[in-house]
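S.K.: Now for the letters of each chain:
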Amino acid sequence: MKKALSLVLALVMALALVACGGGSSGSTSGGATAPAETTTPAEPATEPASPETGAQVFKLGGTGPLTGGAAIYGMAVKNAAELAVAEINAMDGDVRFELNFQDDAHDAEKAVNAYNTLKDWGMQLSLGSVTSTPCVATSAETYADRIFAITPSGSSTAVLEGKDNQFQMCFTDPNQGSASAQYIHDKALATKVAVIWKNDDVYSKGIYDTFMAAAPELGLDVVSDTTFADGSDTDFSVQIADAQSAGAELVFLPMYYTPASLIFAQAKAAGYAPIWFGVDGMDGILTLEGFDTSLAEGVMLLTPFNADADDAATRAFVEAYQAKYGEVPNQFAADAYDCVFAYKQALEQAGCTADMSAEALCDAMIAQFTTMTFDGLTGEGMTWGTDGAVTKSPKGMIIQNGAYVGLD
Amino acid sequence: MKNKLSKASRRAFLTCAVVVAAFVALQSLASAGAMSSMLRGLLVPICAYVVMAISLNLTVGVLGELSLGHAGFMSVGAFTGVTAAAALQNLVASKELRLIAALLVGAIFAGIVGFLVGIPVLRLNGDYLAIVTLAFGEIIKSVFNNLYLGLDGHGFHLSLLDNKLRMEEGGRLIIGGPMGVGGIQKIANFATGFALIMLCLVVIFNLVNSRAGRAIMAIRDNRIAAESVGIPVTKYKMTAFVTSAAMAGAAGALFALNFSTIVANKFDFNTSILVLVFVVLGGLGNMLGSIVAAAALTVLPEALRQFADYRMLVYAIVLIAVMLLRNSPGIRAFTERARIRKGGEAE
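For the protein sequence lines, the chains are A and B, in the order given.
In this text, residue positions in the first sequence follow the working numbering: the first is 1, and each later residue adds one.
In this text, residue positions in the second sequence follow the working numbering: the first is 1001, and each later residue adds one.
If we strip away everything but chain A, and leave its shape as in the complex, we get (with noise of 0.2 Å):
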């Protein structure tokens, strides 16, 4: 039986390593199992340059989401990465990228494993991991294998601490906390606030601990606190009751969209309609498959990000992403896609070449993220920090008709 089993096995490995060596023009590691090679082939025009322009190929590499519950962001942000690359290349430019973005299913035992396997790969340069608890775990990695990685999306402060090479694209999640709170402070929406949170979450309880800090002081008085959980986000007839008995004008909600979704239909069900309040994890509630999107409309969330401005960059690259995958880019499809362009400015005037290991890469990234400004899709004039952490400033968004419309 056991001789069966491992028949079957080797049999399955045989076929995947011939499988691999008849569609790879990659390289093969060497070890016992199946090389790695990358699952995001390169579109016609990021096939590697031409010699006479001299120009540099890059490996950039990046694990998300691609499967599971937080699927839309990792595909956002992979196909963003993919448009920008495409974009890059055909550019003609000195640097060049070849990206592989590896699934992780939003896990951090996987995350580091696509890790590893982008390692195998040769990354050079790395776009760290979509979500909060994987780009912990692979900013671990990262820093310990001297790569230098940005991450799109990866909000949570433990993602930077005490890291010098790790740096990110969004806002980290306190700062998304308190300045929703200043937010509505400022633009005078509610002062009777009720809270529903996921309490086993990084992402959502990051957001929560600040936007409870700087509530008080602003004068929000928050008179519904309530959580959920992982298993328990089905049902929540108990926290919309709690928010409507208690009377809030405004309900916050730091979640991701699924849960968020189905708060909006069961308090529409229970005759609720506060003002809703989302940060940029609500970004994504309108391409959720089979979602009313007339329950959101009148939905606020603070995103750095706002597909319906109207200045010519981010026009070229909604038409460009809508061209290309059917849907309406996202604040994380943004993100990733500055984080691919933050790359080419800081490596052309860092005049890095693509012989370079990733170390010396690493070093070169960290002196100029540092020092540099970059003009992107989802802020002006941004800067880093030593710590990685970015500066910009987030913009008010509502949903109306079915579609994003910047507040200010």
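In case anyone wonders, no lab produced these hints; they're calculated from the structure.
Careful: at least some of the hints might be erroneous.
Pairs of lysine to aspartate or glutamate, EDC-like flavour, derived with a Cα cap of 20 Å [unchecked claim]:
id : chain 1 : residue 1 : chain 2 : residue 2
1  : A       : K324      : A       : D308
2  : B       : K1186     : A       : E161
3  : A       : K187      : A       : E297
4  : B       : K1186     : A       : D145
5  : A       : K395      : A       : D375
6  : A       : K395      : A       : D186
7  : A       : K59       : A       : E359
8  : B       : K1186     : A       : D308
9  : A       : K268      : A       : D292
10 : A       : K59       : A       : E348
11 : A       : K324      : B       : D1309
12 : A       : K163      : A       : D145
What the simulated footprint calls covered on chain A by chain B, stretch by stretch (three residues with Cβ under 8 Å from a Cβ of chain B suffice, anywhere in the stretch; the number is not a length) [said to hold, decoys possible]:
id : segment
13 : 111-117
14 : 150-164
15 : 197-205
16 : 221-231
Quick reminder that beta carbons are idealized off the backbone N, C-alpha and C, glycines included.
Fit chain B to the known structure of chain A by using the hints.
M.R.: Frame of chain A; chain B shown alone:
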């Protein structure tokens, strides 16, 4: 009888020999630098999952009780082990000693929790253990998601639901509720993982081939008959269950100390089921099968990365194919024939 015993110990030696051979091969590959980072990163998780699989096999295969919350014990071991490692960080200089201490602490706490869970449940008949362990796994997850534990000059500080720890300057938050444990020093290594597997195997084989083990298997095969000949059912059930829980705790500590961050949600129902799949695929009561299945199914999803979007689909197909093949009449007849031939030689 004698023949049967020697057959069992032959099987035990074979299992240990395969594990040692695998360790030597992998270790020499790694030290020669011929191993991919991907596989090197998987070594310690494989060890942890192997220990999980053989410890669950003790409950499911040998004791014959279904446990659906084995990841809960892993979680207890992971959090207590990491806490122990963090507390000893400035006291014990040697990484190895800290790791061993963490594994011990993880095993002890998981064993205690296993004992507490077992007291009411193991007295019951039927599938109640499965239901209670299922609930236990969820409870443990909730507890660690709401637990805050800090360490400063005055010792440990504990609070539930809210972070109400008032720590002095320089205090360190070890368990941060939903944030889990961050900033773990990665002190787990493959050699210790291997040693843990060997230790667990020795314990399990000795237990199974002892008076207690025969009593446990008698209970599995027919509880009423066992009771009628005077075997204290609850006591022996408890022995097997607590041993299994303690091993899962050690596996959890090993697993946690291999990553820089660990969250309670990692040890959810899915992880319990994953370990159960290792056991079922490897064969109930078959330790070597569990080991092979755990190692293969940990490597497989990573080795399938070139299938990109179809990765998990291929993984599922492979799982189903292996299950079908394992149970196909042809293969069964083949192994049966092989066994008879072997038996014939021996006679």
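S.K.: Look at each hint and say if it fits the structure.
M.R.: For each hint, the structure was consulted:
1. A/K324 - A/D308: With Cα atoms ~18 Å apart, A/K324 and A/D308 stay inside 20 Å; holds.
2. B/K1186 - A/E161: 16 Å, holds
3. A/K187 - A/E297: 19 Å, holds
4. B/K1186 - A/D145: 14 Å, holds
5. A/K395 - A/D375: Between A/K395 and A/D375 the Cα gap is close to 15 Å, so the pair holds against 20 Å.
6. A/K395 - A/D186: Since the Cα atoms of A/K395 and A/D186 sit roughly 13 Å apart, the hinted pair holds (cutoff 20 Å).
7. A/K59 - A/E359: 13 Å, holds
8. B/K1186 - A/D308: Violated - the C-alpha atoms of A/D308 and B/K1186 are around 45 Å apart, more than 20 Å.
9. A/K268 - A/D292: 12 Å, holds
10. A/K59 - A/E348: 15 Å, holds
11. A/K324 - B/D1309: Holds - the C-alpha atoms of B/D1309 and A/K324 are around 18 Å apart, at most 20 Å.
12. A/K163 - A/D145: 12 Å, holds
13. 111-117: holds (count 6)
14. 150-164: holds (count 4)
15. 197-205: With 7 residues close enough to chain B, the hint holds.
16. 221-231: Since three or more residues must qualify, the claim that chain B covers the segment 221-231 of chain A holds, with 3 doing so at under 8 Å.
Of the numbered hints given earlier, the model fails hint 8 alone.
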